[in-house]
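Engineer: Bring the two chains, given one by one in their own frames, into a single complex with the hints.
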Amino acid sequence: MSTEAVEPASKIDLAAVGGGGGEIPQFDITLRVRRYNPEVSEEAEWEDFTLTMFGTDRVLDALHKVKWEHDGSLSFRRSCAHGICGSDAMRINGRNRLACKTLLKDLDTSKPITVEAIKGLPVEKDLIVDMEPFFQSYREIMPFLVSKGHEPSGERYQSPEDRERYDDTTKCILCAACTSSCPVFWTDGQYFGPAAIVNAHRFIFDSRDDAGDMRLEILNDKEGVWRCRTTFNCTEACPRGIQVTKAIAEVKQAVLARSM
Amino acid sequence: MATTTEFVPPRSGRIDKKYNRVPGKKGNFEMVAWLFMRISGLFLVVLIFGHLITNLLVGDGINGLDFGFVAGKWADPLWQFWDLAMLWLAMLHGTNGVRTIINDYADKDRTRFWLKMVLYFATVVIVVLGTLVIFTFDPCIPGSPLEVCN
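Chains A and B supply the protein sequences, listed in that same order.
Quick note, the first sequence lines up with residues 1 to 260 if you use this note's numbering.
Quick note, the second sequence lines up with residues 261 to 410 if you use this note's numbering.
The set of hints was computed from the structure by calculation and includes no laboratory data.
Glycine included, C-beta positions come from ideal geometry on N, C-alpha and C.
Treat the hints with care, as some may be off.
SDA-like mimics (lysine to any residue), calculated; alpha carbons at most 25 Å apart, straight line [to be verified]:
{"#": "1", "chain 1": "A", "residue 1": "LYS246", "chain 2": "B", "residue 2": "ILE361"}
{"#": "2", "chain 1": "A", "residue 1": "LYS222", "chain 2": "B", "residue 2": "TYR365"}
{"#": "3", "chain 1": "B", "residue 1": "LYS376", "chain 2": "B", "residue 2": "THR391"}
{"#": "4", "chain 1": "B", "residue 1": "LYS278", "chain 2": "A", "residue 2": "PRO122"}
{"#": "5", "chain 1": "B", "residue 1": "LYS278", "chain 2": "A", "residue 2": "ASN37"}
{"#": "6", "chain 1": "B", "residue 1": "LYS277", "chain 2": "B", "residue 2": "LEU375"}
{"#": "7", "chain 1": "A", "residue 1": "LYS222", "chain 2": "B", "residue 2": "GLY287"}
{"#": "8", "chain 1": "A", "residue 1": "LYS119", "chain 2": "A", "residue 2": "ARG95"}
{"#": "9", "chain 1": "A", "residue 1": "LYS119", "chain 2": "B", "residue 2": "ASP369"}
{"#": "10", "chain 1": "A", "residue 1": "LYS171", "chain 2": "A", "residue 2": "ASP213"}
{"#": "11", "chain 1": "B", "residue 1": "LYS286", "chain 2": "A", "residue 2": "GLU217"}
{"#": "12", "chain 1": "B", "residue 1": "LYS285", "chain 2": "A", "residue 2": "GLU217"}
{"#": "13", "chain 1": "A", "residue 1": "LYS101", "chain 2": "A", "residue 2": "LYS246"}
{"#": "14", "chain 1": "A", "residue 1": "LYS222", "chain 2": "B", "residue 2": "ALA350"}
{"#": "15", "chain 1": "B", "residue 1": "LYS278", "chain 2": "B", "residue 2": "THR391"}
{"#": "16", "chain 1": "B", "residue 1": "LYS286", "chain 2": "A", "residue 2": "ALA257"}
{"#": "17", "chain 1": "B", "residue 1": "LYS286", "chain 2": "A", "residue 2": "ARG258"}
{"#": "18", "chain 1": "B", "residue 1": "LYS285", "chain 2": "A", "residue 2": "LEU256"}
{"#": "19", "chain 1": "A", "residue 1": "LYS119", "chain 2": "B", "residue 2": "VAL282"}
{"#": "20", "chain 1": "B", "residue 1": "LYS278", "chain 2": "A", "residue 2": "PRO38"}
{"#": "21", "chain 1": "A", "residue 1": "LYS246", "chain 2": "B", "residue 2": "MET297"}
{"#": "22", "chain 1": "A", "residue 1": "LYS246", "chain 2": "B", "residue 2": "LEU375"}
{"#": "23", "chain 1": "B", "residue 1": "LYS286", "chain 2": "A", "residue 2": "PRO143"}
Covered by chain A, per the in silico footprint, the following chain B stretches (three or more residues, Cβ under 8 Å) [as the list claims (entries may be wrong)]:
{"#": "24", "segment": "275-281"}
{"#": "25", "segment": "288-296"}
Pairwise CB distance ranges (calculated) [what the hints assert, rightly or not]:
{"#": "26", "chain 1": "B", "residue 1": "GLY310", "chain 2": "A", "residue 2": "SER147", "range": "47 to 57 Å"}
{"#": "27", "chain 1": "A", "residue 1": "ARG139", "chain 2": "B", "residue 2": "PRO337", "range": "49 to 59 Å"}
{"#": "28", "chain 1": "A", "residue 1": "LYS246", "chain 2": "B", "residue 2": "ARG370", "range": "31 to 41 Å"}
This is chain B alone, in the form it adopts within the complex (with noise of 0.2 Å):
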């Protein structure tokens, strides 16, 4: 009489090796990331038309913006933190989507490996580099026509 054995799929022996899915790691990350997309855009929508307008729309518009405004802007708690807001949502929404494509547009391994360290480079740069501008902004350079600095 025919023992039981355990169920095992059938023909799955000669799979085509490409479309073994490799067991992925537990974890939300993936579903963390698409709430992330979601939630950012909503704030960025505000935060980037909030720049836009009083950058340019609001005063003098586009001709009163020069260096000085700039400064005047960050000596500003509130748009030290805008900015901040906004350079951190931006980099991470924008590096999120590009990881996505990277997933989907490359077909080897080796090449997503690569692509992504080169991005996530580029992020840390530019995140850390932006960061340290906002908060370590001075706006006395030498011959600074402003008058806080005389």
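One chain only, chain A, in its complex shape (with noise of 0.2 Å):
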């Protein structure tokens, strides 16, 4: 079950390539990156780089390339590039994305393209930011199954009705591209951030989890669930399409009917 948000039609024209393996049309951008090295210079500031690139390219070839062919210096994560290791989050054109699942044809080519560190978490260089804060409230939330009773001599068996439940949110790759669009978390890193609740979903709503209470009651801290303002800037973001806000709404219900 997708429930990954259309992509917008493309901008360019990408003229039909009739039958056999024609060519790749090119265009050129302009790659506005966000730079910063604390050791040079304590002010971040944007650097121009002016690219030819293909049409089947993505904004991580584009980063590529100029590390590769213009600047060495120029620092970002990127592991599997496909969309599953979540290490290539950044704000691109203001939008919290993956740069390997962003083609640059999608983007208005017209204009520079914007690339930045994710907002809200301490920029270490360039692209990279310290995910400390964020793993440190996703490790708060007990992201692992805590059960209880007789340790079974099989598998723990579940009914395909139970595993739908919380089937949405086990697509979360800790990429924070949620906790990182969110304005509550922009304000002071206190609140849990959507990617935690997002994952302690994944083990509340578990049929074989038992400490589904424990982690209700984490969440109905002054910085929880209650902290969110339904914004749905996470939904948006998320490169998953995770409904995120729906399950924080979910999370903040449970922890309801659990108190009555």
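Structural biologist: Below you can see the structure in the form of structure tokens.
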């Protein structure tokens, strides 16, 4: 079941390539990157790169081109480059996305494409942020199975219906696109953030898990689910199409039901 | 051989201090506040539209609205209760709304504290004053044209 948002229509006219493996169209872009190097200056600044890219290229390919052919000091994280590892979340044209899942042709290439680090976390260099506060919140909600009673001799069975209950939140890749798009998190970094709540949801609604109560207690904190203002930034930012705000609302209801 | 030590989350020692969460007070205050906003919101829709309809639409409508009209309403315990409920719910609903805005937008604890103190002070003054007026309202001010006063 995929709930992923449909990508906007291409803004570049890619000529229909007739029949046998034709040429891939090329175009020029300006990549405007937010550079920051604390060893040189405390101030971050924009730097423009003009690149000739292919119609099949992604923002990550443009960053590679800069790093490999123009300026080797450009720093960013990436690992699998296929939208699964969650390393290359960044703010592209003001929106949090994965650089490896954003095709250049889907962006407005008539204007410079801005690329900056995700907000709300301390920038270490260029596009690299310190993810530690993000993982700290993640650890606090105990993202692992806790079960009481006897260890089963085989697998822990679960009906397809019970599995379906938390299916959406199993998709999280911990890229921090949601948490760093949340205005409440930007203020002071105290809020647990959407990603931690999504991963708590994944276990709270798992029929095999017995620590739901503890997780609900943790998220009933003043920095927990009640700081969510349902602005839906997280849902829009999620590269995996998780209905994040809906998951947070379900956790709110579970906290409420537990207290009644 | 290695001895078993308490589990320490990796690298958590070098986390930027501003992200360390101060353990909050136990209790359900934020949850109750969240629930209150929903419930009071529902009541306020009924109360406010009831207020607007009786004051501005029914009878002479807005042209019939004067000191005597308000005095007449407050002679009735129903309207006293109605206005009291509206005052309290609207003030608490609004105060809690502004409280969350202060929490979201002020980034220093001191600023947060003082903004909230000003807010709470203003709320208490308005609620106390409003309650006092509703219950001690005397339509017979000197030179009152109202019949009941003569």
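Engineer: Of all the hints numbered above, which does this structure not satisfy? Sort the numbers upward.
Structural biologist: Hints 15 and 22 contradicted; others consistent.
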